[in-house]
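Colleague: Chains as they are written, first to last, in our numbering: chain A, 1 to 495; chain B, 1 to 398.
Some hints here could point you the wrong way.
Residues from chain A that face chain B, not an exhaustive set, calculated with beta carbons under 8 Å [said to hold, decoys possible]:
no.: 1; residue: 132
no.: 2; residue: 139
no.: 3; residue: 193
Taking lysine to aspartate or glutamate pairs in the EDC-like style, the calculated list, with each CA pair at most 20 Å apart, reads [what the hints assert, rightly or not]:
no.: 4; chain 1: B; residue 1: 126; chain 2: A; residue 2: 143
no.: 5; chain 1: B; residue 1: 126; chain 2: A; residue 2: 443
no.: 6; chain 1: B; residue 1: 89; chain 2: A; residue 2: 112
no.: 7; chain 1: A; residue 1: 447; chain 2: B; residue 2: 381
no.: 8; chain 1: A; residue 1: 358; chain 2: B; residue 2: 67
I should point out that these hints are in silico values taken from the structure, not numbers from a laboratory. The beta-carbon is built from N, C-alpha and C at its ideal position, and this holds for glycine as well.
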Amino acid sequence: MKMPDPDVDVIARREDILAAMQSLVPGEGVIADATGMAVYESDGLTAYRQLPLIVVLPETVEQVSAVMAYCNAHGVKIVPRGAGTSLSGGALPAADAITLGLGKFNRVLEVDFENRCARVQPGVTNLGITHAVEADGFYYAPDPSSQIACTIGGNVAENSGGVHSLKYGLTTNNILGIEMVLPGGEVLRLGGKHMESEGYDLLGLMTGSEGLLGVITEVTVRILPKPTTARAVMLGFESSEAGGQCVADIIGAGIIPGGMEMMDRPAIKAAEAFVQVGYPLDVEALLLVELDGPSVEVDYLIERVREIAEALGYVSMRVSESEEERLQFWAGRKAAFPAIGRLSPDYYCMDGTIPRHKLPEVLARMSKLSDKYELGVANVFHAGDGNLHPLIMYDANKPGELERAENFGSDILRLCVEVGGVLTGEHGVGVEKRDLMEEVFTENDLKQQQRVKCAFDPNQLLNPGKVFPTLHRCAELGRMHIQRGQLPFPDIPRF
Amino acid sequence: MVEILKPQTSEQVVDAIAWASGEEIPIEILGSGTKRGFGRPMGDANRTVAHAVDLSGFSGITLYEPEELVLSAWAGTPLAEIEAAVAEKGQMLAFEPPRWARLYGEEGGTLGGMIACNLAGPRRVKAGASRDHILGIEAVTGRGELVKSGGRVVKNVTGYDLSKLLTGSFGTLAALTQITIKVLPSPETIETVVLSGLDDEQAIQAMSVALNSSHEVSAATHVPGNLSDVLPGGGGAITAVRAEGFVPSVGARSAALQKLLAPFGATSTLDMEASKAFWSTIRDVEPFVGTDDSLWRLSVMPSEAARIIAEIGAPAFMDWGGGLIWCQADTADAASLRRALAAHGGGHASLVRAGEDARRDIPVFEPQPAPLAALSTRVKDSFDPRHILNPGRMYEGV
Numbered sequence: 001m002k003m004p005d006p007d008v009d010v011i012a013r014r015e016d017i018l019a020a021m022q023s024l025v026p027g028e029g030v031i032a033d034a035t036g037m038a039v040y041e042s043d044g045l046t047a048y049r050q051l052p053l054i055v056v057l058p059e060t061v062e063q064v065s066a067v068m069a070y071c072n073a074h075g076v077k078i079v080p081r082g083a084g085t086s087l088s089g090g091a092l093p094a095a096d097a098i099t100l101g102l103g104k105f106n107r108v109l110e111v112d113f114e115n116r117c118a119r120v121q122p123g124v125t126n127l128g129i130t131h132a133v134e135a136d137g138f139y140y141a142p143d144p145s146s147q148i149a150c151t152i153g154g155n156v157a158e159n160s161g162g163v164h165s166l167k168y169g170l171t172t173n174n175i176l177g178i179e180m181v182l183p184g185g186e187v188l189r190l191g192g193k194h195m196e197s198e199g200y201d202l203l204g205l206m207t208g209s210e211g212l213l214g215v216i217t218e219v220t221v222r223i224l225p226k227p228t229t230a231r232a233v234m235l236g237f238e239s240s241e242a243g244g245q246c247v248a249d250i251i252g253a254g255i256i257p258g259g260m261e262m263m264d265r266p267a268i269k270a271a272e273a274f275v276q277v278g279y280p281l282d283v284e285a286l287l288l289v290e291l292d293g294p295s296v297e298v299d300y301l302i303e304r305v306r307e308i309a310e311a312l313g314y315v316s317m318r319v320s321e322s323e324e325e326r327l328q329f330w331a332g333r334k335a336a337f338p339a340i341g342r343l344s345p346d347y348y349c350m351d352g353t354i355p356r357h358k359l360p361e362v363l364a365r366m367s368k369l370s371d372k373y374e375l376g377v378a379n380v381f382h383a384g385d386g387n388l389h390p391l392i393m394y395d396a397n398k399p400g401e402l403e404r405a406e407n408f409g410s411d412i413l414r415l416c417v418e419v420g421g422v423l424t425g426e427h428g429v430g431v432e433k434r435d436l437m438e439e440v441f442t443e444n445d446l447k448q449q450q451r452v453k454c455a456f457d458p459n460q461l462l463n464p465g466k467v468f469p470t471l472h473r474c475a476e477l478g479r480m481h482i483q484r485g486q487l488p489f490p491d492i493p494r495f
Numbered sequence: 001m002v003e004i005l006k007p008q009t010s011e012q013v014v015d016a017i018a019w020a021s022g023e024e025i026p027i028e029i030l031g032s033g034t035k036r037g038f039g040r041p042m043g044d045a046n047r048t049v050a051h052a053v054d055l056s057g058f059s060g061i062t063l064y065e066p067e068e069l070v071l072s073a074w075a076g077t078p079l080a081e082i083e084a085a086v087a088e089k090g091q092m093l094a095f096e097p098p099r100w101a102r103l104y105g106e107e108g109g110t111l112g113g114m115i116a117c118n119l120a121g122p123r124r125v126k127a128g129a130s131r132d133h134i135l136g137i138e139a140v141t142g143r144g145e146l147v148k149s150g151g152r153v154v155k156n157v158t159g160y161d162l163s164k165l166l167t168g169s170f171g172t173l174a175a176l177t178q179i180t181i182k183v184l185p186s187p188e189t190i191e192t193v194v195l196s197g198l199d200d201e202q203a204i205q206a207m208s209v210a211l212n213s214s215h216e217v218s219a220a221t222h223v224p225g226n227l228s229d230v231l232p233g234g235g236g237a238i239t240a241v242r243a244e245g246f247v248p249s250v251g252a253r254s255a256a257l258q259k260l261l262a263p264f265g266a267t268s269t270l271d272m273e274a275s276k277a278f279w280s281t282i283r284d285v286e287p288f289v290g291t292d293d294s295l296w297r298l299s300v301m302p303s304e305a306a307r308i309i310a311e312i313g314a315p316a317f318m319d320w321g322g323g324l325i326w327c328q329a330d331t332a333d334a335a336s337l338r339r340a341l342a343a344h345g346g347g348h349a350s351l352v353r354a355g356e357d358a359r360r361d362i363p364v365f366e367p368q369p370a371p372l373a374a375l376s377t378r379v380k381d382s383f384d385p386r387h388i389l390n391p392g393r394m395y396e397g398v
């Protein structure tokens, strides 16, 4: 993975840029010493590290705007950053770029129950929103597993999901508006407390744009009344086919569970060894189905799920009888990553999405790849929406293992694409999957995405080196290649 | 005389648009053309739109996997055909696409038209709009290039979400060729809880209480007495909230909602069949069907809806718990209507139906602040640098 060559001219101007930043963001908002900047050198994709040019931590939208206007005028690149929990390197710094941290934007500005929304600053954590509204019986639905730490600004940038996204949607379905700053420093508001943003759906475009189009300075999120009851069913199957069929039959019966997660044998074993919650160890697939809503509905659906699982010949089944037990069922799944961490010095978490019925095929072929690369792999799976998280186990201290793990990962993602899926369900492209984009998109597809980038950021200064494998200058992308001539389509019916 | 091209493959759409782009010939992009009355009249004194690309022959479902909750079809596929296919498997388009054709005295509508207009019905409050259910798109840009975005899986963040950007772009960025959407199970049963005789302000409060409860209300509307004649059981003001889902759950939630809403007056209920009839009337804006009177669609902060209606002083009803106002205000009052919105929490007003002159003189879509308008124009340029696709339909000169 190669990042763009740093601009030596910008690095040579570092002292001038630093002075400008200090005048724009007074106090302790500028960090320039190597020790202070070290915490910003990577994000959740820790295999890559790079010290930024300077770290700037503004506190007001005016400061963000001034910093961006300065950078735009002086050709300085910017890497926006929330809590730095990205698993795809979305916040990886560049040597010639300012890292713009939004951590000081950490206030809940307004909770509006009448309109079922909250206005928050981008540095508020995902869980922080729920904490601000839960006393009144509300919550914010998307729940990425990093929700304790990750910020809503980062969630918007990555269009984060979570275990409840099949029923409650991703970030893009749960926000109403944003305030953002364009690379030139202009401040825009998209949407608001009303339900539809006007004109082109730039709010939809911004969500999941990975910090390449603008810097988000405020978010209006939808909040939902909390379901009164939630219970979980834990099912063990002797094959991934049976587990997958159970998922298909549940959805086929018209049931959309609040959460539906599957784990394969290596993941079950690791999780059980770590948290001892009573997962069955004699099964190939463990399925957790969470039903939420009014208690009468939950009870009814648990029976329906039981019938479906029975017809498929489950090996084991437990239904949570208390909130404590429900959380216990989930504890193993939620601890799957650290549990793998206990078995292996390092692990690499992948994020492909596949059509669900391809799961057995993908697991079988993944197991062959595991043999080929001589690296173990465990799978956790957002089974309802087909989002697969293979965890590749490796040891970075052994020469060549990281590279082997990365190649294994790339092969898994190519496999996902081959069976009709995509590279990333929720972690984003970032730097990690950048060079695989051509597996999914044609040159025309990628060029059109980059033209949209140019509409926002004509100097291409925001979050450089991410998402796009090949860089084109905006002027080149804008050029038209015209072939003039007669109506060249005699076959098209005309009226 | 408009020359109409009817391509039936993506390659033919590419050919047609590449030609128009090369010759700088403005073209209208059409599905079945039932919502042509929505938007600015296209072209201007210097550019007459004399060619159309009609996608209604580019039709057919290409993939439907009920257990994967996914359906793909060519853009010209009739919406009715898609709804019938998913209904057969007990599924639905959860955003409840309305039949706006009826507002213009037409019938029908295509999948492409639904996406191009980002349609959404009463279930918007719970399930979102077309834009929340689009998974992938293939389209031909104004540069004459076939591009795709998204995919056929329900969870995907690979690349920019151009599918959402194209949804609601009224054919001004690209001609849609193939569309993949998420489908969901239809509810086993439906029950509607009805309150009678509330004024707008009381109705907002009642709907808010229902929507803020944990009873999973999937629609909330209020129609005042002067517009309720077309509704089953109409005559006076009607406020209604809907519970949908599995039989035991709907029974329990409907009972809970009746209890919750009792302080607002006596409640009654509509069963599944009556509910379907009632909500399709709201969905299709029936109170304003059958006339040519100018019609506005206001997307507002729900809590302000009653005050906005009072200030405008024209016949109006609310959907989405107050978040959507349909309003038969005169076009001469456009400016004061938009001022009322701005003074009450913001939002936007679209002139959905009016004579051609009015739609030329009055911004059909909410005017945008200068930096946002400039950005929208740059986005348009990035897809359609020569402004040949539906030129001027959304904004003058764009």
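Colleague: If a hint holds in the structure, say so; if it does not, say that too.
Modeller: Each hint tested on the structure:
Given the 8 Å rule on beta carbons, the hint for residue 132/A is violated: about 16 Å separates it from the nearest Cβ of chain B. The beta carbon of residue 139/A is not positioned within 8 Å of any beta carbon in chain B (closest approach about 11 Å), and the interface hint is therefore violated. With 8 Å as the threshold, the beta carbon of residue 193/A comes within range of chain B, its nearest partner Cβ sitting at about 4 Å, so the hint holds. This hinted pair checks out: residue 126/B and residue 143/A have alpha carbons roughly 18 Å apart, not beyond 20 Å.
Between residue 126/B and residue 443/A, the direct Cα distance comes to roughly 38 Å. Violation of the 20 Å bound is thereby established for this hinted pair. At roughly 39 Å between alpha-carbon atoms, residue 89/B and residue 112/A are farther apart than 20 Å, so this suggested pair is violated. A C-alpha spacing of about 14 Å is found between residue 447/A and residue 381/B, which places the hinted pair at or below 20 Å, so the restraint holds. Straight-line distance between C-alpha atoms of residue 358/A and residue 67/B comes to about 12 Å, which keeps the hinted pair within the 20 Å bound.
Of the hints listed earlier, those the structure fails to meet are numbers 1, 2, 5, 6, in rising order.
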